[in-house]
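Chemist: So you can see what is in the structure, the chains are spelled out below.
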Amino acid sequence: MDLHFHDVSIALYRQESELGSALLVHTYSSIEGAQQRIAAVTGTMATLGEMDRIGEPACQLRFSCGAQHHLASKRLFLEACKLPPEGVVQPRPLSIFDKKSRANVTVSSLGNGVYQLGTDGESEVASKRCSAITGGLVKLGEMEAVGGSENRIAFPCGHPHDRLVGLLLVRALNVRGAQREQEMAAARGQLVAPSAQKQ
Amino acid sequence: MTSRQRVMAALRREPVDRTPVCNPTSVATVELMDLVGAPFPDANRNPEMMARLAATSYTELEFDSVMPVFSIIQESSALGCKMQWEQKDNWPTVRMQEPIWVEPDDIKIPPDFLTHPDMKCVLDAIRILRKEYGNEVAIIGKTMGPWTLGYHCFGVEPFLLMSLDDPGKTKLCLDRMKEATIQFGLAQIEAGADALTLPDHATGDLVSGEYYKRFLLDLHIEFAERLPAALILHICGKTLDRMDYIAQTGMAAFHYDSKNPPSEAMSIVGNRISLVGNINNPETLFSKGPENVREEVYRNLEARVHLVGPECAIPLQTSIENLKEISRSVKDWHKDHSTSN
Amino acid sequence: MATISDISNEFVRNEIEEYIEQPDERGQLITTFAKVRPEMQEIAAALIDGAHHTVDELTQKVLEAGAEALEVMDDGLIAAMRIVGIKFRENFIYVPEVLGCARAMKAGMKHIQPILSASGIKPIAKVVMGTVKGDLHDIGKNLCIMMLHGAGFEVIDLGVDTKPDEFLAAVEENEAPLMGMSALLTTTMPNMAVTIETFIDEDLRDDVRIMVGGAPVTQEFADEMGADGYGKDAMECVALAKRLIAEGVEASG
Chain A
58 MDLHFHDVSI ALYRQESELG SALLVHTYSS IEGAQQRIAA VTGTMATLGE
108 MDRIGEPACQ LRFSCGAQHH LASKRLFLEA CKLPPEGVVQ PRPLSIFDKK
158 SRANVTVSSL GNGVYQLGTD GESEVASKRC SAITGGLVKL GEMEAVGGSE
208 NRIAFPCGHP HDRLVGLLLV RALNVRGAQR EQEMAAARGQ LVAPSAQKQ
Chain B
-15 MTSRQRVMAA LRREPVDRTP VCNPTSVATV ELMDLVGAPF PDANRNPEMM
35 ARLAATSYTE LEFDSVMPVF SIIQESSALG CKMQWEQKDN WPTVRMQEPI
85 WVEPDDIKIP PDFLTHPDMK CVLDAIRILR KEYGNEVAII GKTMGPWTLG
135 YHCFGVEPFL LMSLDDPGKT KLCLDRMKEA TIQFGLAQIE AGADALTLPD
185 HATGDLVSGE YYKRFLLDLH IEFAERLPAA LILHICGKTL DRMDYIAQTG
235 MAAFHYDSKN PPSEAMSIVG NRISLVGNIN NPETLFSKGP ENVREEVYRN
285 LEARVHLVGP ECAIPLQTSI ENLKEISRSV KDWHKDHSTS N
Chain C
960 MATISDISNE FVRNEIEEYI EQPDERGQLI TTFAKVRPEM QEIAAALIDG
1010 AHHTVDELTQ KVLEAGAEAL EVMDDGLIAA MRIVGIKFRE NFIYVPEVLG
1060 CARAMKAGMK HIQPILSASG IKPIAKVVMG TVKGDLHDIG KNLCIMMLHG
1110 AGFEVIDLGV DTKPDEFLAA VEENEAPLMG MSALLTTTMP NMAVTIETFI
1160 DEDLRDDVRI MVGGAPVTQE FADEMGADGY GKDAMECVAL AKRLIAEGVE
1210 ASG
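Chains as they are written, first to last, in the working numbering: chain A, 58 to 256; chain B, -15 to 325; chain C, 960 to 1212.
Here chain A stands alone, though its shape is the one from the complex (with noise of 0.2 Å):
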């Protein structure tokens, strides 16, 4: 439900396009100025995930590498709800202070779609920090893991979504979630005598 205009509700959708897979956002209200609504959060979304604007009359979006990064959208969907309609929308940075590390913590695009996180913090918390960050964006933006360095990660389909990981750097400051799956993954393939084994 859009707390910003009238209680009306506003769906994401897939659909297809001539372009392959997109992005529309809806509402089935027909009160005065919902379509002006929908185009401003199409248009926040465009801006905070440099999406590209297609079809007729450019109410659908695409990322221009053709992937879907579909948690990711919904994320992006969200956001874009959330904020008042009479801001001005910039693009997210991509560094961050953790006030848990009470730290900065910085990515780095390093082409490709691979990124590099690092914090200014020298604690065991703030290097902690930096990995559970991480773990956050690598749930919230489906990226991987990739080999070379503690805390480099990639979107899978190679191509680089700089605002996107500004959006969902944001998030992943705390996602529960992600220090858990870090864990099991840690956890996996390891030999564990059965007093030490998690219940």
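Possibly wrong hints are sitting among the right ones.
[Claimed, not checked] Okay, derived cross-link-like pairs now, DSS-like style, lysine-lysine, Cα gap no bigger than 30 Å in a straight line:
1) 1069(C) <-> 153(B)
2) 1191(C) <-> 272(B)
3) 197(B) <-> 1046(C)
4) 139(A) <-> 1122(C)
5) 272(B) <-> 139(A)
6) 185(A) <-> 1201(C)
7) 308(B) <-> 131(A)
8) 1081(C) <-> 157(A)
9) 222(B) <-> 1122(C)
10) 1065(C) <-> 222(B)
11) 308(B) <-> 243(B)
12) 156(A) <-> 1046(C)
13) 115(B) <-> 153(B)
14) 1122(C) <-> 131(A)
15) 1046(C) <-> 1191(C)
16) 272(B) <-> 1065(C)
17) 222(B) <-> 1069(C)
18) 131(A) <-> 72(B)
Keep in mind the hints are simulated off the structure, nothing from the lab.
Guided by the hints, dock chains B and C onto chain A, whose structure is given.
Modeler: This is chains B and C only, laid out in the frame that chain A set:
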């Protein structure tokens, strides 16, 4: 066949041209509310809005029935329970924390029961739908059973404890409350309802099958005798252990939950009662996509369930696309199988 | 090794023989009750039978005779609720009977709670509990709360129809590391996801472990919405609560 004919035939377990898609409980969603400008809570209190929103199940979703009684609060409201009306994205509910009755002698059905605004709204909405749609589509009303009224008016815990401490007193309470069920049911039939859903929540998640037999079987047989319309009993949750009893009530149909596999349910009831259901709401209709909806529709059709639909009132944020898939899937299945039921 | 004949109370013996089918559970209960004093076994028998007046009288009597409050709670009440929980899980009894036993437990705890509070025993952890927005059912939640109390948790009960902001405020105010949400309607279950989303928005998701439960809730739904754990019933709720707290201690340690 018209949609109405299809539903009524299936409720009598007579041949149909295809399995009807039916909603004994609500398919109101926020998207449908937007579509026709009939948001909650007003759509529960204004008969034109109620009829307009109910009609979307036929006009937009291509169901074979419409059911305007979205919530389960009308009778309790008219009996004097405290209500919580909520907003567009939430259901009106009875404040069971503030029960109005404690003893059997507290039970009173007020003389203006049927003219209470929340009751009258339903009756007027049914009249509007009958006038608008004539014989095209089946109109299903709803009248709450005495077990559910007991929860609302006595409070869930006190009522269940009463059933444990004093079964005789509980039966007396049920017997007195059943008149509310019958009065409202008869009024809806007179207003033009073809069938009535009768929710009576003696669910397997709360009480045993033996409880159903002890407290409700005879009452449900009585309802089937006294209400001259097809009755669709609705009980949520696990109910396989009481389906044999339910099949003995003489009611037309049983609306059953996704916790009960279609083939097992059908093997218990045989040809004694029609089954309606049982597409999962929270995990399938709400959370997943059309392909998952199709899977569940097919599972019901393959088990020869008589009418297909959601298992219960659906979450208000359910997408129209998933709901449309129900009817699409039924038609596709029949096309592929080229048979009538 | 203890055997069933080491249990002095005939009713308790019969309950274990008739209703406890899993060997490990049977073994654990036999071991427990074999060590329990006859007076506590009598209280346990009365609780399993739902005889709340008897539990009330017997609890008062043994406390006046000098029994420790913790002994009465652990051996008389909680041990009995373990049998009740298993019977409920296996569908030998249903909610009305469980409510009767819960009423009996409350009758006993009425005498025990004040003693424990006065003794300054530190609770395991704080847990915020509530039924989600739009849902006015609380049977399951209340049973869980009773079991959590018995297990040593300090519970902040938000009641029914709890909005996401209310869960948030209670967790922040009480610095609770654990929260439990209950829903009894499929129509209100989505509000669990909305509440979790609110915690993410407010940067608090990592600070609290969230468990969910209720008749229509499933493990699949709990995983889909990002909960930390799912409990099928009141017994599982306590085990889950302990596990989540232990995980939290480990993670921060």
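Chemist: The structure should be examined with respect to each hint, and the outcome stated for every one.
Modeler: Results for each hint:
no.	hint	verdict
1	1069(C) <-> 153(B)	holds (28 Å)
2	1191(C) <-> 272(B)	holds (22 Å)
3	197(B) <-> 1046(C)	holds (21 Å)
4	139(A) <-> 1122(C)	holds (18 Å)
5	272(B) <-> 139(A)	holds (23 Å)
6	185(A) <-> 1201(C)	holds (25 Å)
7	308(B) <-> 131(A)	holds (22 Å)
8	1081(C) <-> 157(A)	holds (27 Å)
9	222(B) <-> 1122(C)	holds (29 Å)
10	1065(C) <-> 222(B)	holds (29 Å)
11	308(B) <-> 243(B)	holds (23 Å)
12	156(A) <-> 1046(C)	violated (48 Å)
13	115(B) <-> 153(B)	violated (44 Å)
14	1122(C) <-> 131(A)	holds (23 Å)
15	1046(C) <-> 1191(C)	holds (14 Å)
16	272(B) <-> 1065(C)	violated (42 Å)
17	222(B) <-> 1069(C)	violated (35 Å)
18	131(A) <-> 72(B)	holds (23 Å)
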